[in-house]
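S.K.: Sequence:
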Amino acid sequence: MLLFPLIHLAIGATIVHASFDPSRSTWYTSPASNFTSTLPLGNGRLGAAVWGSTVENITLNENSIWSGQFMDRVNPDSYSALDPVRSMLKEGNITAAGQMTLENMVGSPDEPRAYHPLGSLVLDFGHEDSQVENYTRSLDLLKGRAVVHYGYHGVEFRREYVASHPAGVIAARLTASEAGRLNVAASLSRGRYVTENAAAAGNDTGSLKLRASTAVSDGITFSAAARIVAHGEGRVSRSESSLVVQNATMVDIFIDAETSYRFDGQEAWEAEIERKLDAAVRTGFLAIEQSATADHESLAGRVHLDLGASGATGNLPTDVRLERYKIDPDADPELVALMFQFGRYSLIASSRETGTSPLPPNLQGLWNEDYEPAWGGRYTVNINLEMNYWPAGVTNLAETLWPLISLLETVKPRGQDIARRMYHCENGGYVLHHNTDLWGDAVPVNNGTKWTMWPMGGAWLSANLMEHYRFTQDATLLKGHIWPLLRSAAQFYHCYLFRFHGYLSIGPSSSPENAFVVPNNMSQSGNEEGIDIAPTMDNTLLSELFHSIIETGKVLGINNTDTTKAASSLPLIKLPQIGSYGQILEWRHEYEETEPGHRHMSPIFGLYPGSQMTPLVNSTLAAAAKVLLDHRIAHGSGSTGWSRAWTISLYSRLFDGDAAWNHTQVFLKTYPSANLWNTDSGPGSAFQIDGNFGFTAGIAEMLLQSHADVVHLLPALPSAVPHGKVSGLVARGNFVANMEWSDGKLTWATITARTGGKLAIRVQDGQQFSVNGSAYTEEILSLEGEIYEISLP
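Going by this note's numbering, the residue at position 374 of the sequence shown is 374; the numbering climbs one at a time, nothing skipped.
Simulated from the structure, these hints should not be mistaken for lab results. All C-beta atoms in this analysis are idealised placements derived from N, C-alpha and C, irrespective of residue type, glycine included. Incorrect hints may have been included.
Below, simulated DSSO-like cross-link-like pairs (lysine-lysine); rule was C-alpha separation at most 30 Å, straight line [as the list claims (entries may be wrong)]: (1) K479 <-> K725; (2) K745 <-> K669; (3) K758 <-> K565; (4) K565 <-> K554; (5) K554 <-> K574; (6) K143 <-> K554; (7) K725 <-> K745; (8) K669 <-> K574; (9) K745 <-> K758; (10) K758 <-> K479; (11) K725 <-> K758; (12) K725 <-> K90; (13) K758 <-> K326; (14) K554 <-> K479; (15) K758 <-> K90; (16) K554 <-> K758; (17) K725 <-> K669; (18) K326 <-> K669; (19) K725 <-> K326; (20) K574 <-> K143.
The following label-pair restraints were derived from C-beta to C-beta distances [what the hints assert, rightly or not]: (21) G557 <-> S33: 53 to 63 Å; (22) P166 <-> G202: 19 to 29 Å; (23) K745 <-> R302: 35 to 45 Å; (24) L781 <-> V517: 46 to 56 Å; (25) S791 <-> A331: 31 to 41 Å.
Please take these sequences and the hints and turn them into a complete structure.
M.R.: Set out below in structure tokens:
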């Protein structure tokens, strides 16, 4: 990709800016200075990051542009090493077991494919940045529209951008306030593997075409194209691979890209590009924009959150607000609401049903400018991909899960093949280790004992799928798509599990990315190792999966080998154990920790996003989970954005709203980049979208919980938020909750039964209340479409 100089605009002394809603818009008074200060747009497949410079650089992405084709990376020695490794682990020869695992089970090469950028649309307006006045750029999270606006030599210039899901294109409108004053040179560019870069022009229209591949050989090939339409007296001419528009008043641009991932040949995908761009030009920008914003708002507008007004602080540009928040976080509660909605916005923008083989958001969501992005921009499934979907159900965006289901349906046959070849599992079960790509690669990734060998990806992602059913009650999707995935995941573990000390156990495995010190009574004591038998998280995930199999069987009327095996296996899964200082143990023994403040909270998965360690389900395990959580935090956990976001939900599940709010504020002080993207360790470090989604889920978890077969209103309301209201959150059972509270107490709520069924309700810490005027004493058999009003004495 071409690198463009950073452009800093001189802002005049007297500036009059438009008014922006502090809880729904991000806005700035200068162009983006780096990628993580751009304005992100997306239609689920195409992404655009708007820099807003006088030489505009719109970074473009298409979510199937990865570094190459499928690779068969399986290690042929895997199965021959399995029994020896297990024997070593049983005997306590931990170090040798880890070494043999890495030598014989890691794939070759040891990484799957990586996510790549499409390129850039460059728009040169011929403006000198020092002459620009009254500059603003903004992103409306409710509408899904980005705007750049400034004055130049007495003329107002405006650019509007949308990523249209209905039309399948990115669309832009450039305008000047005076006729004939808009001049722009437009080009598509990419820094690698370009095979064609062409332009063609008519009188008032033009087209740009870029053909490229993601590698010299074995790459994903693709084409990108733009149509440009000049209005007024403007004329379009060609200059090599650029289009030059002169003396226009308004210019519209429509962009699409298609790849070999979804089409059999170049002719087919270029015909699809032509179809979409022809339709966009016929429809026109205004209609494209109207349908795009209406479509986005139909999802984004389902949930409204009011945590209190920020006053003058809320009227500051977003980057300034972030800096002020570090000094006085209590002055800007609307920044929390803004960040909450930004997570919902990002999920809508990066995870939609977009036709053939839709893909979910990866580590960078949809937006990436690098050919070697952090961690390959892949789908990491030992927390990150799962966290991406934590807010989907509770914040009323259940439709966004479909790309995840689609990816897992791609993973399943790959994982079945790997289960056969690595573990000789011939029963139809699929395995997924801690990482995958768009091809469904299921082989162990990287070479390190703390993360490589973890065959639990299918189990954790099954939990996401089951949660989708619990929120939506969609039995058709459960039967047609979710059940086959749950069943295959469980089948693998029925094969892979082995008896150890009376329990069905996983091994070799790890507690994601953590290590322990080998004790004196085991081989090579003092070494730091990660591979062992039956970490607590594995047992918790297995329990969750088998419960899901049984639950699905009851819903769908299935009573067969799958359900009976799950039921008979459950008692043989070791329950979480409690250690010497009252903590949930992470491994089979109370090993010495190498990182007491480790960023992963794997052993307390059962607190969140699972439920078996929650206070209303098991108060003993909840107390032990809190001990471990407090211990981790005291020793520096929450050291990445996604890890800190996880703590918000964990403390919310413990009904500790003040601790959850504290971590909310620490997150906002530490991790967001200027455009609100989550980062690994703070602005300047790697961008990871997962923390944005985890943050949104955490705020929702303070206000509504429903994991214990009860709709729990305001379970963890922070004392710092005594007044507020929220509407549109969803509880499991497909109940929609609207709430208001004052002086720290619920004052009014309604629960709408979208499906109907048993409705159990709890308010805050168990206080008494009435439903439709009658004292609540027991669960209600709700009716579809009925509204239940809750009031307090």
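S.K.: When the hints from earlier in the document are held up against this structure, which numbers fail?
M.R.: 1, 6, 8, 12, 13, 15, 20, 23
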